[in-house]
Amino acid sequence: MLTLDHLTKIYPARPGEFAGGIRDASIVLKPGAFFTLLGPSGCGKTTTLRCIAGLERPDEGRILVGDEVMFDGASGRSVPLHLRNIGMVFQSYAIWPHMSVFDNVSFPMRVSKARKYSTAEIRKAVGEALDSVGLGGYANRSATQLSGGQQQRVALARAVVHRPKLLLLDEPLSNLDASLREEMRVELKRLQRELGITAVYVTHDQSEALAMSDVIAVIDQGQVVQIGGPREVYFQPATEFVAGFVGHTNILHGTATGPADARGVVAVEVTGGGRVLCRAETPVSGEVAVSIRPENIRLAGEGEATGAAGNAIAGRVASASFLGSIVHYEVEPDQGSAVFRVEGGPGTPFEIGARVAMSFRPEDALALPRST
Amino acid sequence: MDRRQFSLGMGALAATGLGIPGLRAHAASPELIAAAEAEGQVVWYTTMIVDQAVRPLVAAFEERYPNITVEFSRAGSDETALKIINEGQADRMLGDVFDGVSTFASVMAAGFVEPYSPDSASDYSAQFKDPEGHWHALNFYFLTAVHNTDLLSAEDAPQTYQDLLDERWRGNMVWPVDATPVGAPGLIGNILLTMGEEDGMAYLQQLAGQGIVNMAASQRAVLDRVILGDFPIGLMCFNHHVAISQAQGAPIDWIRMEPVMASASLLGLVRNGPNPNAGRLLVDFILSREGQEVLASTGYLPTHPEVAALNPDLLATGPQPFDTTFMAPDIVEQNLADWVRITDELFL
Amino acid sequence: MSSGTEGSTDLAARRPAGGGVDQVRVMAIVLCVILVALVVPPVVILIIRSVSVTNPDATVGGFTLAHYARFFTNPDLYESLFNSVVFSVFSTILALLFGGTLAWLVERTNTRFKGLAYVTTIISMGTPYILYVSAWLFLLGRSGPFNDAWRTLTGSFQPLFDPYSMWGMVLVEGFLWSPLVFLLLSSTFRQANADMEEAARMSGAGVLQTVWSISIKISMPAILALALFVFIRAIEAFEVPLMVGLPGGIDVLTTDVYKSIRETIPPDLGYASAYSVVLLFVVAVLLSFYGRLAKNAGKYSTVTGKGYRPRQFDLGRYRWIGDAMVLFNFLIVLVLPLLALFWLSLLPYMRSIRLEAIAQFSLENFATVLQSSYYRELALHTLVVAASAATAGIVLAFFTGWISARRRTGGQVLDQLATMPLVFPGIVMGVAFMMVFLAVPLPIYGSIWALAIAYTVRYLPYGLRYTYAGVLQIHSELEEAGGVSGATPIQMLRRIVAPLLSPAILSGWLFVFLIASKELAVAALLSNTQSQVVAVGMYDLWRNGQGGELAAFGLIWATVMTCVASLFYFATRDGDRAQAL
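Protein chains in written order, with our numbering: chain X, 1 to 372; chain V, 1 to 348; chain Y, 1 to 581.
It should be emphasised that the hints constitute simulated quantities derived from the structure, not laboratory data. In this text, a Cβ means the ideal position worked out from N, Cα and C, and glycines have one as well. Keep in mind that the hints are not guaranteed to be accurate.
[As the list claims (entries may be wrong)] With a straight-line Cα cutoff of 27 Å, these simulated DSSO-like cross-link-like pairs (lysine-lysine) come out:
1) Y:K217 x X:K116
2) X:K165 x X:K30
3) X:K189 x X:K30
4) X:K189 x X:K124
5) X:K113 x X:K124
6) X:K113 x Y:K217
[Unchecked claim] Here are the computed distance ranges between Cβ atoms for each label pair:
7) Y:S373 x V:A208: 41 to 47 Å
8) Y:S165 x X:S75: 54 to 60 Å
9) Y:V89 x X:E121: 40 to 46 Å
10) X:A318 x Y:H475: 32 to 38 Å
Just need the whole structure built from these sequences, with the hints factored in.
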């Protein structure tokens, strides 16, 4: 449905410094996919989105929506943004304050170049769009009377009212309260599925990305570092950056002692002392980073049995925060300087300063190439 | 209304170019000078053009009396009168000396003129001074039509008042509309005095149809608009201003449109001014032979019997004499209100 | 809203134990006395004189309504009123179209030469209106370059257009206001959320459609408020009616007032007062409308999301139109008037622009100006008066602004007192203060202090805008922390508020200084031989036909004032420049 082919848009910068933009991004999306561009702020995800929208002109590459070439750097073809038939929800919602809800939502149909809509058609389409976002009956409200969540819904209705082929969403939830964000996340996903529309979603919030997406592209400093489903990105991060950015993790730096064995296990000499056995998805050698998710580490009191796990590290509890269903610990290992984040069950409290042993299975420790 | 010819012999005297030999330069009394220097400054409300006449006079005065500085402010006759009356009534008199063609009627009526007859004015002809010393004539004015010589040759230019009614000049004449005899009302008066009430009004009705452009500014500014080329013809301009500009190379000439309106600017002392002695000294200086010579050197037409005009051609009694209507102060006083009213009704 | 008692108990609670007198209350009382003494007499004297008989010797007589009766039955009034309205409406439209388009082009599109628009604005802030008006009158005049070409073409004396007409007044006033409109609207456009326009484009709207239905309509409340503001200023305008209208025989309300004082013997003070009172009333009504519009001006201004990067409309192949517009503005509002002034300053008398005139070029006018004590005094008086008014005004505005922004006791009263001068058109303030100074037994009338006092009052509201808005930006906890630390209110104001407010104070001071140094309307009636200021001096030069010296002096003066204006522009934050609205 959407094809990006070696898309590049670089903002001029001083030499050796990355000022923003995207390099050489390629992806092919199936119709109806919910695709997320995930990365820290300034990584180039919004630039990518704006290139698709036509708000920025890429330097190189091609953009196709369906079979239609929207942009082709080689031929110089670029469809003006207002003729691309793409819906977009802005981070600030961009609800026009001088118009009613109805006027806002009906705007794309009233200015449509493709065809003229009759008043009745417009009325019907706007009614449906508002119903679908749960704002039926709000048509005559003034836009300035809306709450943030309602504006968000109006923006969504406006973006889909003319049945675009593609829906772009630029951090649409970032200006909402936490509780509202959860609710909108579910609604957005529901609406996207109901309409069967292909969506491109930009966010820096990894939990949002994991919860909503079919496909996630993780972007770092203008480079797409991994494309995959939520589980793949979470459990099989391609790089240290992805592991650290998607979900919480503990990173140990060290040196691989040799190639992986037949089971894919490799031993890593941890910088600062100690040695861990880990799984390697891709061939690694030399400097590596080892990622261990907090929920995969078991805590035991000193001298207690650590179970069958292959790795054990002794340490001291530096802090403990009771969060209800879990307890959040920070453990200082005896060797090395990295503080471990560990999640424990509520039943087995450890006091601050208590000596503990952390254990985890080799398959839960992932050896990754070091990010520079 | 009677019409008086203005023929005073002083022009002839000036044309001979010489004063009475042997008369020494006049000097003010040491007491007056001392008192004036104690005051240190004098304020002059003038209607004369600053760069042409005021600055040279002030410079000469300050050179003669280095311990006294002259502050001056230039405005039209009525504005100057107004300022003095306002200040007088508010008991805040700030001016010491003033001049103007039609300033005196109202300021005298309000009682704000201090009579003063300086020694230097003793030689002046009786016509040029108030018997009680309220005013002395300071310089002559001749107001007539002027034309831009680039736009209009002397042959093409109108020569008589009747010529002004030509279709060609509609919308192409400009004049100053100050409510004074040296503004539009003066021309009204000149016509009425010359042609009589009935014929005069008939003529003025026709003239009003010519769409003369009104300018609320000095005669100098009106003349400048003609020099600039905004208008080919100006009315009620001073002929000595024309001569001054001609000397600078400006494309301008004046027309002997007879009778030319003649008038004189008067000089006097403000009652209760802050610097009465310095005021007296300034009046004395301006009327003195020395002061009048400075004035004459600028191209203005002096009233002093022994001071010659720089350019005698400008005088009605010069080598090329011309007919005039003299706007004596009493005529002005009697008729000005009527003339202003007619100007308002027909031309504004 | 009145927080009278509440404020004082609040304060009592904050005051450190043992503080005897309530300093803030004393301060409010002192301020109130000063403001009443400054602001009330002009109003009262106008009202009294408007219903009193003016005796032939100009003293005040008994009660009468004759002045009002004469005012309302004067057929000329309706002509002046009509002229005023036509003049104001069309010059407002012109200024808005011209300045507004320019602001949009510069702020929101990829038009080139944007720097020129700012240069034009800064220089125009420092240039007295009179200088502009005289330059434009020369340019548009019957023998200015345009008409001159026309006359050469047709061989007739008849010019193509006469600048001394309603048309000329509108044109000149419109140009005069366009830099300010540019300045104010450019900050509106700069703060506009680009998402709004992009959303429309994404919805399928074309460029023009977007500009019309989104860009313009979203800014409409701000534009309307600005339009009414410019309209009010045009109703109050004095320079253009005086220099263009009066010679052209087109009277408006302000020149009527001026004439009733300056061209009537004895001055018709009763009539002028009645006229003034009616004008005050009209402006007050207009201002209350403006207040309502201004409240709505920010209605559609949304908080911009995190700044992406300044995004601009790509004008595409129409870009040259934008470029041309910016260059046109630069030419009309800056280059041509300056060239005209240079031309005039080099010639012994005013001449139309012809090659052969170059032979007469000399620096004599500059020499006269630089050597003459007259011009030195003009400049000195103006600087002293403007600096005194700015200083006195900003000091009053500082305390008033703080008390009213913090809603302390008396804040509302002080605010209203300090804002009241806004209803005075300059010429009316001149009339009022003339009568006040003539009535008080102090030697003020005719001195530069008369001007300084009148200017202080006239521009107090402008200073207040700066300090009031400045105080609102200071978190009140910063002050409360000072109080808790044991500072008295005065110490707190001096040690905490004043330093934090210094940018706003500086902006306000410079702004008042700049406009006070240009003021003509007030000075026209108050200035005297010993208190001539630049604007009045320039008007006299113009009227008396000293165009060359006027141009030479004007150029020198404008250069100095442009330095002050640059300081104002660069030393103040973006938002602060627009505070004065």
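Broken hints, by number: none
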